[in-house]
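Going by our numbering, the first residue of the sequence shown is number 19, and it counts up by one from there.
By construction, these hints were calculated from the structure, which means they are not laboratory data.
Some hints here could point you the wrong way.
To be verified - Restraint ranges, calculated between C-beta atoms of paired labels, are given here:
# : residue 1 : residue 2 : range
1 : Asp82     : Ser357    : 54 to 60 angstroms
2 : Asn137    : Gln182    : 40 to 46 angstroms
3 : Glu228    : Asn147    : 17 to 23 angstroms
4 : Asp71     : Glu108    : 41 to 47 angstroms
5 : Asp289    : Glu124    : 49 to 55 angstroms
6 : Asp82     : Gln182    : 37 to 43 angstroms
As the list claims (entries may be wrong) - With a straight-line cut-off of 20 angstroms between C-alpha atoms, the simulated EDC-like cross-links for lysine to aspartate or glutamate are:
#  : residue 1 : residue 2
7  : Lys193    : Asp176
8  : Lys162    : Glu130
9  : Lys93     : Asp144
10 : Lys93     : Asp71
11 : Lys68     : Glu130
12 : Lys132    : Glu114
13 : Lys162    : Asp71
14 : Lys146    : Glu106
15 : Lys162    : Glu136
Think of the CB as a built atom: it goes at the ideal place given N, C-alpha and C, for glycine as much as any other residue.
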Amino acid sequence: MAEFVIVGGGILLLGSAAVGVGSAVGIGTGGILYYKKQKRKLKKRRYAKKPSDSLFGGLLETTDRKYFTDTYVPKVLVDCTEYILNCELEDEEIVELFNKKDLIVETERLEELKNIYENDDYEEFDIKNEDIEDVLSLFFLFLKCMPEPLFTLVFYKDFIDQHQKYSKKKYTTVKWAGNISNLIRILPEINFRISILIFSFFKSLYLKIEDEESQLELANILAVTSQPYILFEYYKGMDESLFNNECAIAKDLIYKTIINLDFFQFPNLCDLVNEDKDKEKDDMMNKVSDPNESFYLVEDDDEDIDSILENEFKQEEEEKNNPATTIKKKKSKKKRRRSKLKKKKSKVLQADEDLIILK
Numbered sequence: 019m020a021e022f023v024i025v026g027g028g029i030l031l032l033g034s035a036a037v038g039v040g041s042a043v044g045i046g047t048g049g050i051l052y053y054k055k056q057k058r059k060l061k062k063r064r065y066a067k068k069p070s071d072s073l074f075g076g077l078l079e080t081t082d083r084k085y086f087t088d089t090y091v092p093k094v095l096v097d098c099t100e101y102i103l104n105c106e107l108e109d110e111e112i113v114e115l116f117n118k119k120d121l122i123v124e125t126e127r128l129e130e131l132k133n134i135y136e137n138d139d140y141e142e143f144d145i146k147n148e149d150i151e152d153v154l155s156l157f158f159l160f161l162k163c164m165p166e167p168l169f170t171l172v173f174y175k176d177f178i179d180q181h182q183k184y185s186k187k188k189y190t191t192v193k194w195a196g197n198i199s200n201l202i203r204i205l206p207e208i209n210f211r212i213s214i215l216i217f218s219f220f221k222s223l224y225l226k227i228e229d230e231e232s233q234l235e236l237a238n239i240l241a242v243t244s245q246p247y248i249l250f251e252y253y254k255g256m257d258e259s260l261f262n263n264e265c266a267i268a269k270d271l272i273y274k275t276i277i278n279l280d281f282f283q284f285p286n287l288c289d290l291v292n293e294d295k296d297k298e299k300d301d302m303m304n305k306v307s308d309p310n311e312s313f314y315l316v317e318d319d320d321e322d323i324d325s326i327l328e329n330e331f332k333q334e335e336e337e338k339n340n341p342a343t344t345i346k347k348k349k350s351k352k353k354r355r356r357s358k359l360k361k362k363k364s365k366v367l368q369a370d371e372d373l374i375i376l377k
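Please model the complete structure; the sequences and the hints are all you need to start from.
Spelled out as structure tokens, the structure:
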């Protein structure tokens, strides 16, 4: 069973979390080209609400880097998750903590805590002295204020489609985990890192509970409460039944991600800290355009990338429409299949020889 500990501003995954991940990493819905195509969607990135100029509600990439830890995750999220995980709570108390109709309780202290982080005035502040309810409210308030869900609106359909295929048993759990993991990896860098933090946090809470039934209950509660902030889309005139159906799919995706996180093989946040921290942060923060000028995000500032990708797509389409290429591919496939069978046969023969020697 995997274990999580707090290390250097991030959650570190220990133990046997890598079970089965060898097959999960690199599995795609259509290979590298598919993910390149998906990443281009960020050029038409849109937001559910207008980003603010502050920490709460600001666009993650343009938020002042003083609000981030060395792992490029907002300090407020790291502090909240560390505090809650370090609280000695019984199984029932953990479930009850999250099993509420409204997790954001508007209090004077919550507003004060928000201002402390907004004003970068937490050097003499110790979150350990705060009430756990206020800290939990602060955590969800930050997520609620984000101008877009964590998985972004541009990738919403991709996540939903992938999980629908898994629900219809078109994928194994390992392949599904690989596909969802790859989609998370092509999110904007800070969204990716926050995703690691949040799902590691949820899994840590899940593992703190000993009773299996209570574990699954907590995973379900966490999925329901966090879904509007992680994976959500609603547009004017959207059919209510479609909306409810997609919300149910999104909740199930988050639920399955929590309980199957071992298959995702996310890197530890502390491993993502580079030696040249300042340059790395500057590069990351400069990836986007001014949100006040436009509601579209341009992630790649290298003009050559577009032309390279365009040529790749054209080449792919030409190959699809060329009968000679199709015949060549079939022959190549047969060759690979024969080669695999030969290798398998030689392994069996070698195993038989080894067995005779042992006898």
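(message) Holds or violated: the 41 to 47 angstroms window for the beta-carbon distance between Asp71 and Glu108?
(response) holds (42 angstroms)
(request) With respect to the beta-carbon atoms only, verify the hint that Glu228 and Asn147 lie 17 to 23 angstroms apart. (result) violated (29 angstroms)
(message) Can you confirm whether the C-alpha distance between Lys162 and Asp71 stays at or below 20 angstroms?
(response) Since the Cα atoms of Lys162 and Asp71 sit roughly 16 angstroms apart, the hinted pair holds (cutoff 20 angstroms).
(message) Need the status of pair Lys132, Glu114: alpha-carbon distance at most 20 angstroms?
(response) violated (24 angstroms)
(request) Quickly compare the C-alpha distance for Lys193 and Asp176 to 20 angstroms and report which way the hint goes. (result) holds (15 angstroms)
(message) Between the beta carbons of Asn137 and Gln182, is the distance compatible with 40 to 46 angstroms?
(response) Because 44 angstroms falls inside the window, the suggested range holds.
(message) Quick check: does the Cβ-Cβ distance between Asp82 and Ser357 fall within 54 to 60 angstroms?
(response) holds (55 angstroms)
(message) With the threshold set at 20 angstroms, check whether the alpha-carbon distance from Lys68 to Glu130 stays at or below it.
(response) Violated - the C-alpha atoms of Glu130 and Lys68 are around 24 angstroms apart, more than 20 angstroms.
(request) Starting from the range 49 to 55 angstroms, see whether the pair Asp289 and Glu124 falls in it by beta-carbon distance. (result) Once the Cβ atoms are compared, 37 angstroms apart, the range 49 to 55 angstroms for Glu124 and Asp289 is violated.
(message) 37 to 43 angstroms was suggested as the range; check whether the CB atoms of Asp82 and Gln182 agree with it.
(response) Between Asp82 and Gln182, where Cβ atoms are some 39 angstroms apart, the hint holds.
(message) Check whether the Cα positions of Lys93 and Asp71 lie no farther apart than 20 angstroms.
(response) The given pair, whose Cα atoms are some 17 angstroms apart, holds under the 20 angstroms limit.
(request) With a cut-off of 20 angstroms on the C-alpha distance, tell me whether Lys146 and Glu106 pass. (result) Holds, at roughly 12 angstroms.
The structure shown violates the earlier hints numbered 3, 5, 11 and 12.
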